[in-house]
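Each residue of the sequence shown is one higher than the one before, counting from 1 in our numbering.
For the record, the hints were derived by calculation from the structure and aren't laboratory data. We put the CB at the ideal spot given by N, CA and C, even for glycine. It is possible that part of the hints are untrue.
No farther apart than 27 Å at their CA atoms in a straight line, the calculated lysine-lysine pairs in the DSSO-like style are these [stated by the list, open to error]:
1. Lys61 <-> Lys78
2. Lys78 <-> Lys8
3. Lys142 <-> Lys225
4. Lys164 <-> Lys225
5. Lys164 <-> Lys78
Listed next, with one range per pair, are the computed distances between beta-carbon atoms [unchecked claim]:
6. Arg237 <-> Ala145: 11 to 21 Å
7. His42 <-> Glu144: 38 to 48 Å
8. Glu186 <-> Ser266: 23 to 33 Å
9. Asp56 <-> Asn208: 35 to 45 Å
10. Thr6 <-> Asp231: 48 to 58 Å
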Amino acid sequence: MTKRFTTKIGSRDLDILTAIDRTPLTPAQLCKVSQTFSVPFHDEHNLRRRLRRLNDAGLLKSWPYAIVSNGRSPQYFKLTREGYRLLYGSDAALPRRRYFEEISHGHHYHTNYLADVIVHLAVMGHRQGIALRHFARENSVKLEAAGFTMYLDCAFQLVNADGKAFNFVLELDNGTERMRSRQDVESIERKVRGYDAHQGQFAADDPNRYLVVFVTTRSPYRLPKIMGLADAFMQNRQRTVFIGCDFGALLGADPFSDSVFVCHRSLRRTMVPIQNQPIKNHATSMTATAVS
């Protein structure tokens, strides 16, 4: 039986649910990413009213971040089980329980930073005619290679106006992991070696090949150290596997036209190769292309 909701569900509501399916979002983050919707929100107050309607309909749930922003703690929104079923069908397999639950306080900064990066890449790409597709949310993908196991912060594909696709894995570095460790614990070195071993399985022209993007949020000294580890442990230094950028520099630039990323050879680059004449994105909705 079709579920009846207390409010009429439109295409813009589905865009909201799809964006939140990728990562928990605050109203401010949602208002920004709505630039990729078929009908953007130009007023955050109107968006908040719509969020309350979706919350009352049982499609969304919110909690306060343990983060001070503009004098108050912003609310972040997640899908409920009903919201997820509305997007993917009543017979769709549900994600793990924590997908629907409150985020632990110790993970708040990480989640909020990650959402900022995802939103910025979606909006800047949209302006350049670059579509964000095949999005895999945090911890939904596990990679294994050479005895290493990596759970991704997220993965996605960017497709430019010419239809060329580029695959990416995002690693958000909050400065909490050790650079190197002799023990069998999480460290940047283990991530570098694991990703290098996994990516090394693909030929240069393999469509499954990807880049690992490190975004550092705390210290400006972390990024050179991470790229230094990449340079030291990569099996083939002529390949480009890792690129990185500081969080503040990323959000203050257009990563598709400004060379804000650096690789292990200290070469600066944009996220994808620059086209001669960027074409404005006329897609009806970017968020509608996301997959579970």
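Which constraints among the numbered hints does this structure fail? Numbers only, ascending. 4, 5
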